[in-house]
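Engineer: Join the two chains, each given in its own frame, into one complex according to the hints.
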Amino acid sequence: MGDLHTWLAVAVIALVTAALRFLPFLLFSGKKKTPKLIEKLGRVLPYAIMGMLVVYCLKGVHVADMGGFLPALIACLVVGASYVWRRNTLVSIVLGTVCYMLLVQLVF
Amino acid sequence: MKRTIKPALLATLPVMTGYLVLGFGFGIIMKANGYGILLTFAMSLLIYAGSMQYVAIGLLSGGASLLTVAVTTFMVNARHLFYGVSMVEGYRNIGKGKPYLIFGLTDETYSLVCRPEASIPPGERGHYCFWVTLFDHCYWVLGSLLGALVGSLLHFNSEGIDFALTALFLTVFLEQWLTAKKHAPAVIGVVASLVCLLLFGADSFLIPAMLVIALLLCLYKEESHG
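Sequence lines, in order, name chains P and H.
Going by our numbering, the first sequence opens with residue 1, and the numbers climb by one from there.
Going by our numbering, the second sequence opens with residue 1, and the numbers climb by one from there.
No wet-lab data here; the hints were simulated from the structure.
Computed from a prediction, not measured in an experiment: that's the story for all the values here.
There could be a bad hint or two in this list.
[Unchecked claim] Listed next, the in silico DSS-like pairs over lysine-lysine satisfying Cα-Cα at most 25 Å (straight line): (1) Lys98(H) - Lys2(H); (2) Lys181(H) - Lys36(P); (3) Lys36(P) - Lys221(H); (4) Lys6(H) - Lys31(H); (5) Lys36(P) - Lys98(H); (6) Lys98(H) - Lys6(H); (7) Lys221(H) - Lys40(P); (8) Lys32(P) - Lys96(H); (9) Lys98(H) - Lys31(H); (10) Lys32(P) - Lys221(H); (11) Lys2(H) - Lys96(H); (12) Lys33(P) - Lys2(H); (13) Lys98(H) - Lys40(P); (14) Lys221(H) - Lys33(P); (15) Lys40(P) - Lys182(H); (16) Lys6(H) - Lys33(P); (17) Lys221(H) - Lys181(H); (18) Lys32(P) - Lys98(H); (19) Lys40(P) - Lys6(H).
Looking at chain H on its own, in the form it has when it is part of the complex (with noise of 0.2 Å):
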């Protein structure tokens, strides 16, 4: 078990930054927003979802009904499905975590658990996995509680530091460009999610494509050449 926590802590380096910062900065608007840091806390801990709780800030503060923040949050989240649906075979093995690692599976613990880890032997697999989840949570209360505690005494210009989030997703995709064999399903992420893009506008782009890149997945032949 001991064996898989410094890959672990390696391998979640660059999802530290990003956590540390965003969570940083929902803590600072929590706070400036008059929420106590037990509430930061507790959504932090338990809803555990980036761009979710910043959206929810304003549905707080705006006083939306239960009905709206409950449709909000699917929309905002459906995209987890899609990492729920991959990872049920990596994942239907993985021994007692198993809830936790569902529960923690976000889109940046997803980038890092939904290839297996050259290093891990298989029968580590799970508790790298572990591992990996329950950083990636500790960066991202830590970060929140950190914003809420401390926010208002820092002056360091952190504009455009999130952008390590995007530069994860980026090596990922390359990293899985560079080993697959066929491109076919990266190429259909991409340009079923920029054709979306154009079509729906940033808000409301992310189901419609992810119901065509289903689809097209759906049809799509990988025994099929060219």
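Pulled out of the complex, with its shape left as it was, chain P reads as follows (with noise of 0.2 Å):
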């Protein structure tokens, strides 16, 4: 069963992650309208928090370190030369999740 602190801990992430996931939905969702500039965050938001997904995902990779660099610089434009061609979601990232694995497991 484990012991006791360490299920408690557990819970804590738990309800600390779902307040942090809750928390914008209790602010703004009751039946007053939701204010003008939580409705522009709602619109430009996406654009800006999937840049910083982006970063946040590579943030492990320095430029100095080529065995790291290279394998996902040349990745990222294989997901994103196969993407701005198909259009394709699937290809794009199967193509370049299968290309990343052969470089850092085979050549870096």
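Structural biologist: In structure tokens:
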């Protein structure tokens, strides 16, 4: 079963995570109309967030470390070029991931 | 309701790859640290936040205090506040499943529900978002369970397969870039994150980056030209 402290810690993590997810809805989902500022953020945030998430995923990559940098760069270019060309999410993800795996496992 | 199952399943295939693998990895590490399958299952079902669960293993095995656990969770998962703010309107009249949709709003699920899917009629959107959320949740739980159960038997070199999630975010980013009329919000997101990454380092750049992005976007005028 694991000890009590472990389960309490898991409960705390679950509660804090859920609180972060629910908080904006609790604050702005009432019967009142959503404030203009939040409406605007709702429209423009997705663009900024996806940019932030891409950076977040690549945060461990250092330009100085070629063995880490080149596979990530090449795989991102593969994803980008294939996506602009075919506009097919699945194809780009499979191509990019296979390319990245081959590079980190066999080349670098 | 049934009509939206197939498009949701297709849309979540990239997430399936990533979640099965990352969940699998989580299950393996939990097992290696001596935690039982019930705890692994409970964490993936109830916390359902990938990077935080990896961080949690270190906290649990190190016997961190509950306060440390709470503060760390806040720091790692604060970005979910953003998803909520940006979905307040999109999920306003989404239907009965709303609490579950909010609970399951992970990075990957957010990336799929943050833009309206062209093939889904507005009236079916609630069902579509429900299936996307449920499928993603199942992949994650299933991956964790498999990792805990059979992880030690498998000898497949999966190094680098987690790039699937980076690729997913990149394609969503590109799709938004190609369809958006104005690119300032996307540029703000990337540049602010990069600057904060350089200033604060990989472990603590996310919260400063969020603050800068929120501030700049509040000041940003959508009507303005150039």
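Engineer: Are the Cα positions of lysine 40(P) and lysine 6(H) separated by 25 Å at most?
Structural biologist: Given that 25 Å is the threshold and the Cα spacing comes to 32 Å, the pair is violated.
Engineer: Hey, lysine 221(H) versus lysine 33(P), does the alpha-carbon distance stay inside 25 Å?
Structural biologist: 21 Å, holds
Engineer: Check the hint pairing lysine 36(P) with lysine 221(H) against an upper bound of 25 Å on the C-alpha distance.
Structural biologist: 12 Å, holds
Engineer: Taking 25 Å as the top limit, are the C-alpha atoms of lysine 221(H) and lysine 40(P) close enough?
Structural biologist: Given that 25 Å is the threshold and the Cα spacing comes to 9 Å, the pair holds.
Engineer: Compare the distance between the alpha carbons of lysine 33(P) and lysine 2(H) with 25 Å, and conclude whether the hinted pair is satisfied.
Structural biologist: 32 Å, violated
Engineer: Has the given pair, lysine 32(P) with lysine 96(H), been kept, meaning a C-alpha gap of at most 25 Å?
Structural biologist: 20 Å, holds
Engineer: Would you check the hint for lysine 32(P) and lysine 221(H), treating anything up to 25 Å between C-alpha atoms as holding?
Structural biologist: Given that 25 Å is the threshold and the Cα spacing comes to 24 Å, the pair holds.
Engineer: For lysine 36(P) and lysine 98(H), compute the direct alpha-carbon distance and say whether it is at most 25 Å.
Structural biologist: Given that 25 Å is the threshold and the Cα spacing comes to 22 Å, the pair holds.
Engineer: Given the hinted pair lysine 181(H) and lysine 36(P), is their Cα-Cα distance within 25 Å?
Structural biologist: The given pair, whose Cα atoms are some 21 Å apart, holds under the 25 Å limit.
Engineer: Holds or violated: are the alpha carbons of lysine 6(H) and lysine 31(H) at most 25 Å from each other?
Structural biologist: The hint is violated at about 34 Å.
Engineer: Take a quick look at whether lysine 2(H) and lysine 96(H) sit within 25 Å of each other, Cα to Cα.
Structural biologist: OK: lysine 2(H) and lysine 96(H) at ~16 Å, within 25 Å.
Engineer: Can you confirm whether the C-alpha distance between lysine 32(P) and lysine 98(H) stays at or below 25 Å?
Structural biologist: Given that 25 Å is the threshold and the Cα spacing comes to 18 Å, the pair holds.
In summary, the structure is inconsistent with hints 4, 9, 12, 16, 19 from the numbered list given earlier, while agreeing with the others.
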